[in-house]
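Chemist: Could you build all of it, start to finish, from the sequences and the hints given here?
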Amino acid sequence: MTSRLWRPGAGAFVLAILGACASSTSPQPTPAEQLAAITRELDRLQGEAERLADVSAIKRLQRAYGYYLEAAQWDQMTDLFADSGSIEIAQDGVYVGKEHVRRYLNALGGGHVGLRSGQLSEHFQLQPVIDVAPDGQSAKGRWRALIMSGQFKQNARWGEGTYENEYVKDHGIWKLAKLHWYQTFLVPYEGGWAKNHDLTGGVFVGKKLTPDQPPSEHYGVWPAVYIPPFHYKNPAPSGEAAQPALPAGASGSLGELEKAVASLKERIERLKDADEVENLVSMYGYYLDKQQWDLLTDLFAPDGSMEISQRGIYKGHAGVRRALELFGPQNIEPEHLHNHIQIQPVIQVAADGTRAWTRSRALSELGTYQRVGIWGDGVYENEYVKVNGVWKIYKDHVYTTFFATYDKGWENGAGKSPKASPKIPPDAPPSEIYESFPDIYVPPFHYKHPVTGQPIKWTPGGAP
Amino acid sequence: MSRRLTGAILLTAAVAGGAAWIVRAQSTPAAGAAADEQAIAAAMTRVHSIEPRVGAREDERAIENLQRSYGYFVDKAMWREAADLFADDGTLEIGGRGVFVGKARVLQYYTWLAPAGLKYGMLYNHIQLQPIVTVAPDGLTARGRWHFLAEVGEYQKSARWGTGSYENEYVKQNGVWKIKTLHGFFRMYTEYADGWGKSAVPNTRPEKALPPDRPPTVVYDTYPATYIAPLHFTNPVTGK
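Protein chains in written order, with this note's numbering: chain A, 1083 to 1546; chain B, 8 to 247.
Only true hints are included.
Straight-line C-alpha distance at most 30 angstroms; calculated DSBU-like pairs for lysine-lysine: (1) B/Lys164 x A/Lys1501; (2) B/Lys247 x A/Lys1180; (3) A/Lys1498 x B/Lys164; (4) B/Lys126 x A/Lys1490; (5) B/Lys187 x B/Lys247; (6) B/Lys179 x A/Lys1341; (7) B/Lys187 x A/Lys1539; (8) A/Lys1530 x A/Lys1474; (9) A/Lys1474 x A/Lys1397; (10) A/Lys1539 x B/Lys179; (11) B/Lys126 x A/Lys1501; (12) B/Lys164 x A/Lys1277; (13) A/Lys1498 x B/Lys126; (14) A/Lys1354 x B/Lys187; (15) A/Lys1498 x A/Lys1539; (16) A/Lys1530 x B/Lys126; (17) A/Lys1539 x B/Lys126; (18) B/Lys187 x A/Lys1530; (19) A/Lys1315 x A/Lys1477; (20) A/Lys1530 x A/Lys1341; (21) B/Lys179 x A/Lys1530; (22) B/Lys179 x A/Lys1354; (23) A/Lys1505 x A/Lys1474; (24) B/Lys205 x A/Lys1277; (25) A/Lys1235 x B/Lys205; (26) B/Lys164 x A/Lys1490; (27) A/Lys1490 x B/Lys205; (28) A/Lys1530 x A/Lys1477; (29) B/Lys164 x A/Lys1539; (30) B/Lys110 x A/Lys1539; (31) B/Lys164 x B/Lys215; (32) A/Lys1235 x B/Lys164; (33) A/Lys1539 x A/Lys1477; (34) A/Lys1222 x B/Lys247; (35) A/Lys1530 x B/Lys110.
Now the in silico label distances, taken between C-beta atoms and shown as ranges: (36) B/Thr245 x A/Pro1411: 44 to 52 angstroms; (37) A/Arg1185 x B/Thr245: 17 to 25 angstroms; (38) B/Leu120 x A/Tyr1314: 39 to 47 angstroms; (39) B/Asn181 x A/Pro1504: 48 to 56 angstroms; (40) A/Asp1217 x B/Leu120: 47 to 55 angstroms.
Hints were generated in silico from the structure; no laboratory data involved.
The C-beta atom is built at its ideal place from N, Cα and C for all residues, glycine as well.
Modeler: Next up, the structure:
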């Protein structure tokens, strides 16, 4: 019996099967029938293993793109594209075909290959949501870039935006079919997003180098607000029947084979679980960015909970939805920034695949144009539960490391962790009492030390 | 034999075995039992041919968890926990201070950097991002490229942004992945008050107070210079 059948909600299905077995007098499958079932299962598992490798290859491709970009290696970047691939950056329009991609990238670099002396071009590639088509020949990915760019003694800029990309597998090799970057902002370091509007209007070289197609969407950059369309919907039950368990209990070499196939299946499913949980962490962040509260609430289990900083615990869908009003209205308004970049997930999946845990973090860029900018950093210790085959957030718990105003930074601008709201009170008080920077607090680790296997311990270094 | 190579050989054997099974299955019922045995062997070979691909993803996940844990430990100066991520003969090289060999020296290096557990008012965030993990065909060693973003400082004294990368080596010992070589390259550190348009902190150099076991493997300047750590991986499309 596989763990997949034991997920919550599938009990009825399992009982039905057991009932059918008990009431019918169907003969034991012959070894040949068992072998045929195993062969079909192996066909399926081979496909699943291939999809797991696809996800890894696509992440490598996109991350390599970032590493080449920060070194201004335009040819290396171009080579990541399919022959018919296209690139669309902000409002520059669409450049189609590998040679036009190459020309566009070189134009972006001002005709210079490699960094100019004193140039900085960090483009962190973060927060993937990867979906591979069932046939394994194409895929889509949502990502974001955090940008630190500039020229020493001349300028420095912070940037941020979202990718919605498409990938294609060409003779077994994943390539970029479509790279599309939606720019949220590119602003001067001095004053950041609180004091500056976007420097570029989303146009870099589009006026000098005519695109093959106009921008596929017209939208405003900071302090305008735009929600890049999502290539995915919230995860939902697939509607497919659960995989029937293979007949078990044979002895000898057939029994050994059954065990080996079952073990392989378990391992593949746990890896799929980890990929799905990573997607879920990323989705959570994208909704939080744009205050898409209903969509975000839907990512929680019906009995899930949310605990943000020292605000207390909000329970169930109604509680979570209520809590989200603490951060502003549904759908972000112009001149507001609510970025919560989801990064660094340590993912653990329970052996039976019904629960999972992450330690992850958010880098937050918050604020209101012409009023205030805030940097924040927090660590999540979250729990997930599989409901009807779909991973949902069971416990969302973020511990604030610091909140600092943009102008003063963490040297002078440390803010306290926000407390329970009298207007929208929590269902329960905070599960742990702590204070954020300049205090030091280490959220307890849900997992054991990866090498020693011992509980992870932190010894405080000292008090003021 | 390497795990991946075994997989390739087994896949070939599986195809051959499967063909034999089909031939046998078409013959007399008396040959049934023997045919079943052949088919079982062929299916088992197929299991072993799929397994390395699954193992590679498990290795990748384990290494990601390892390096991301490293980041969480450095954040809070949990030096004992950080040093325990290394193999016994593991090495550490960060910035320009040289190479420290073995767990004891790694721990010494860290403790010299900042008091274990941090002190009130200290921020030491080292955010680990953008992994490209390449597991060797034998499944026993791996390399990993990472990006880091640093938020460091001391309340009412200092604050800096920093970025850079890691090119690390990992080793699997008794089924557990450990850090074999940790090599952090600084790209840019700047004073928060000024930003990288105005301020650039130079790379570090070997310290008299903390002599390394070996000199730096590479001597380079950080931003505004343009040195970028070599990538261990080849272009995922062209292989160049």
